[in-house]
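Novice: Note that the protein sequences, when read in sequence, are chains D and W. Going by UniProt numbering, 345 is the number at position 345 of the first sequence; the sequence numbering is gapless. Going by UniProt numbering, 394 is the number at position 394 of the second sequence; the sequence numbering is gapless.
No wet-lab data here; the hints were simulated from the structure. Where hints are given, some of them may not hold.
As the list makes no split between identical chains, a pair holds if one copy fits it or if it spans any two.
In silico BS3-like links for lysine-lysine, alpha-carbon gap of 30 Å or less [stated by the list, open to error]:
no.	residue 1	residue 2
1	K271	K431
2	K243	K367
3	K271	K401
4	K255	K181
5	K401	K31
6	K243	K272
7	K136	K401
8	K401	K272
9	K271	K367
10	K136	K243
11	K181	K428
12	K243	K255
Number of protein chains: 2
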Amino acid sequence: MLNISVRAALLAFASPALLAAAQPSAVSDEKIAELREAALEDDIAYGIVADLTTEIGPRLAGTEAEARARQWAVQRLGAMGFSNVRVEEFDMPTWVRGKESAHIVAPFPQELIVTAFGNSGSTGDAGLVAEVVGFKDYAAFLAAPASSIAGKIVFISHAMPANQDGSGYGNYGTPRFFGPKSASERGAAAIFVKSIGTDSDRLPHTGTINFGEADPIPAGALSVPDAQQLERVLARGRPVTLKLVMTPRQIGIQKSGNVIAEVPGRNPDAKKLLVSCHIDSWDNSPGVFDDGAGCGIVAAAAKRIMDAGQPYRTIEIVWFGAEEVGIHGGRAFAETRGGEDYHLVAESDFGADRVWRVDTNLGEDRKEEADALRLALYPLSIVPGRYDEAGGADIGPIMQKGAPGVSLRQDGSRYFDLHHTANDTLDKLDKEQLAQNVAAWTTMLAVMSGGIAE
Amino acid sequence: MLNISVRAALLAFASPALLAAAQPSAVSDEKIAELREAALEDDIAYGIVADLTTEIGPRLAGTEAEARARQWAVQRLGAMGFSNVRVEEFDMPTWVRGKESAHIVAPFPQELIVTAFGNSGSTGDAGLVAEVVGFKDYAAFLAAPASSIAGKIVFISHAMPANQDGSGYGNYGTPRFFGPKSASERGAAAIFVKSIGTDSDRLPHTGTINFGEADPIPAGALSVPDAQQLERVLARGRPVTLKLVMTPRQIGIQKSGNVIAEVPGRNPDAKKLLVSCHIDSWDNSPGVFDDGAGCGIVAAAAKRIMDAGQPYRTIEIVWFGAEEVGIHGGRAFAETRGGEDYHLVAESDFGADRVWRVDTNLGEDRKEEADALRLALYPLSIVPGRYDEAGGADIGPIMQKGAPGVSLRQDGSRYFDLHHTANDTLDKLDKEQLAQNVAAWTTMLAVMSGGIAE
Chain D
1 MLNISVRAAL LAFASPALLA AAQPSAVSDE KIAELREAAL EDDIAYGIVA
51 DLTTEIGPRL AGTEAEARAR QWAVQRLGAM GFSNVRVEEF DMPTWVRGKE
101 SAHIVAPFPQ ELIVTAFGNS GSTGDAGLVA EVVGFKDYAA FLAAPASSIA
151 GKIVFISHAM PANQDGSGYG NYGTPRFFGP KSASERGAAA IFVKSIGTDS
201 DRLPHTGTIN FGEADPIPAG ALSVPDAQQL ERVLARGRPV TLKLVMTPRQ
251 IGIQKSGNVI AEVPGRNPDA KKLLVSCHID SWDNSPGVFD DGAGCGIVAA
301 AAKRIMDAGQ PYRTIEIVWF GAEEVGIHGG RAFAETRGGE DYHLVAESDF
351 GADRVWRVDT NLGEDRKEEA DALRLALYPL SIVPGRYDEA GGADIGPIMQ
401 KGAPGVSLRQ DGSRYFDLHH TANDTLDKLD KEQLAQNVAA WTTMLAVMSG
451 GIAE
Chain W
1 MLNISVRAAL LAFASPALLA AAQPSAVSDE KIAELREAAL EDDIAYGIVA
51 DLTTEIGPRL AGTEAEARAR QWAVQRLGAM GFSNVRVEEF DMPTWVRGKE
101 SAHIVAPFPQ ELIVTAFGNS GSTGDAGLVA EVVGFKDYAA FLAAPASSIA
151 GKIVFISHAM PANQDGSGYG NYGTPRFFGP KSASERGAAA IFVKSIGTDS
201 DRLPHTGTIN FGEADPIPAG ALSVPDAQQL ERVLARGRPV TLKLVMTPRQ
251 IGIQKSGNVI AEVPGRNPDA KKLLVSCHID SWDNSPGVFD DGAGCGIVAA
301 AAKRIMDAGQ PYRTIEIVWF GAEEVGIHGG RAFAETRGGE DYHLVAESDF
351 GADRVWRVDT NLGEDRKEEA DALRLALYPL SIVPGRYDEA GGADIGPIMQ
401 KGAPGVSLRQ DGSRYFDLHH TANDTLDKLD KEQLAQNVAA WTTMLAVMSG
451 GIAE
């Protein structure tokens, strides 16, 4: 920040706006602290999450519900005072859920609660009856000969733990990520996996899958308790037959879109700050943790900066479309931009619980900036993490084009209780932790803003 | 207990069996302690619960699933070595679930998760579209004029707390217990209540209702998060229209039955000890807390006494049928017995968590016996409760005929998270608390046995 006497001297021959546009500056520690503390009382983010998830509800990519969400978003972001609010449309292949039910036919007749994965094949209305072959984990499934799988309904379990950093998902999600394609290639009739989740509710976790060149077969998740029940049934050693009806279908190419808004910077030519989330959700919940919260957090933070004064750098707010089903929004976005357009890109898409760590990959020459950010976040109980790693699903494509990233990592301890289930609802949201997120993002934007003209 | 020298003298002229049959005696404190401590390691109850709920699953009263459960029960109780194992059949009117779905049509289109209450009317396959009228609690609903309800879909909320003694249910369950009849009488098109539950899962709580002379209308529960969502939607002040499809139906008179087994006492003419549970469950879960656990607990306790020696009094084990849908089993049972046949009756039907209090209503002249029981249970962290109150749904009718009761009250803190939902599954069961239940029941039977001949 310029000191008063220098500023007075400069004011003698230049308008403040022109002056401020000329070069970036640092925001004072006092100003950052003021913005950070005020944001801990934020209710803007909660308002966005509550309104979006109440007035729209579930918003599956490519459907009319997602289109309603975009309309809602344009209206809301405009009403908040952002500039240049618009939708950038793109086309995407669209899958929709159908009927879904599963019953053990023998030896112990009873229903099991299942849900189809995105891009699952269909059994047809008549359904499918076949014997179940069970595997304790993905490795056991991989090791099985095709002859033991062909014509069967494959069931794969796992032992996913809840971890603060969410690392259970990557390590134990393999049955969903890779199982369907492999099962199809080996001639399985269908495949079910234990939900990639850490709860004990009879609400299965959906998610997207990719068959590559393999034929789509019916593929889905059993809820955690239902998977445990099937394991107990299988453990009794008698052949287990399942009747399955799942009738999802591909409905062809549909429209989706990214909703974009801006806080115009004083220097339109300066590299921008991109803050983002995704507006689509799975079809089984209103998507509060995934990812209504993220949209509330980044918009609230940008609004708080805008209200504090004009930043040197333009803040671009992107609510991506069609993340869940294949990151279509993130890829469409990166096609029309260069990595060099951005001073940083960041995404909030890991729920609504507190930020606990900050990671950056701003590059060797920006370590001082990364350190300023770490220091500014420290009062929020956010620990410093890596200098060489950041990311996010939707910002992945633009980062591949060279955009540097900042990751404000959220506590994932209960994220996979809710992830991709019907239980991802507003009552789970902790307002205090949500506001801490807003404080972290506001702080980050202030530190990275290049100065805020009051 | 007789002391050694008296016993020796008596043995000179009477066989031990005859002697023991002649009169009740007390079991020594040491023997009670031994039985109690051993039962804390019980795995019999868990085996029953796990096998019943795995091999049968849900078992709605009057259906073939409940019939399979009775068959299973006869086989299991026989294999455990009990005597006189049999089914006492009775007839009952039977209701079965159909399709069920609800969608907000306007102003914010989205699905709400609902389930029909037992005895709900049907919308027919075409469904029903009507405006929603919401009430914050049962009192507000009662106060509303019929004109505000007629033709509408009534929604009633409440503020049920989780209490250890389960008292939230009685006090906040009124919207379900009394709402449907009253709504029908005032011309409502249908009625929904916030689930009578304390969880935040999108799994609605079913339960039985009674329309009396009123016409059955579609009646059911919204899950707790869905009820909160509907409250938020209503709070936005625009008319809310709901499309409802619920097609349950009455399928007429069907067979149900009580499964009965005995540990024959040394004195067949002595008043008996009745220990009970119910074997039916709702159709949406395998009924672990409600009430597979109860059946495991009482059978395990009776088995432990039987294995310790022959009790003076006969222990009658009853796994009642058709409790959930109107206590048909308990009423059929009481029709063929007198209250005077029983030294005590007791029922385990409040989950699988620990016994925390003992209540009795053995009568003024049996206070000493009640006190002996309180003392014997004290080491299990069970506090003494009332002398003048005991009960249970299925034993209600026989208690009305004068049978005295003992209630080993279970901790209900999480009972209404699971009660009548799909989430009532084996993974929720805490083996240590289940074994504590068995220890409490074993202790109770030992104290009340009239002596156990080794």
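Novice: Are the hints correct? Go through all of them and say.
Specialist: For each hint, the structure was consulted:
1. Taking the closest pair of Cα atoms, K271 and K431 never come within 30 Å of each other, the shortest separation being 33 Å inside a single copy and 60 Å across copies.
2. Taking the shortest alpha-carbon separations for K243 and K367, neither the intra-copy value of 58 Å nor the inter-copy value of 58 Å comes in at or below 30 Å.
3. Taking the shortest Cα distances, K271 and K401 sit within 30 Å of each other inside one copy (14 Å), while across copies they are farther apart (85 Å).
4. With identical chains, the CA atoms of K255 and K181 are at most 30 Å apart within one copy only, with a shortest distance of 27 Å there and 48 Å across copies.
5. Taking the shortest Cα distances, K401 and K31 never come within 30 Å of each other, neither inside one copy (33 Å) nor across copies (78 Å).
6. Proximity of K243 to K272 under the C-alpha cut-off of 30 Å is found in neither arrangement, the shortest distances being 54 Å within a copy and 47 Å between copies.
7. Neither within a single protomer nor between protomers do K136 and K401 lie at most 30 Å apart by alpha-carbon distance, with minima of 40 Å and 54 Å respectively.
8. Taking identical chains as interchangeable, the C-alpha atoms of K401 and K272 lie at most 30 Å apart only when both belong to the same chain, with a minimum of 15 Å there against 82 Å between chains.
9. Taking the shortest alpha-carbon separations for K271 and K367, only the intra-copy value of 18 Å comes in at or below 30 Å, while the best inter-copy value is 85 Å.
10. Within a single copy, K136 and K243 get their C-alpha atoms as close as 21 Å, which meets the 30 Å cut-off; across copies the closest is 43 Å, which misses it.
11. For the identical chains of this complex, K181 and K428 are neighbours neither inside a copy (34 Å) nor across copies (33 Å), given an alpha-carbon limit of 30 Å.
12. Taking identical chains as interchangeable, the C-alpha atoms of K243 and K255 lie at most 30 Å apart only when they sit on different chains, with a minimum of 27 Å there against 35 Å within one chain.
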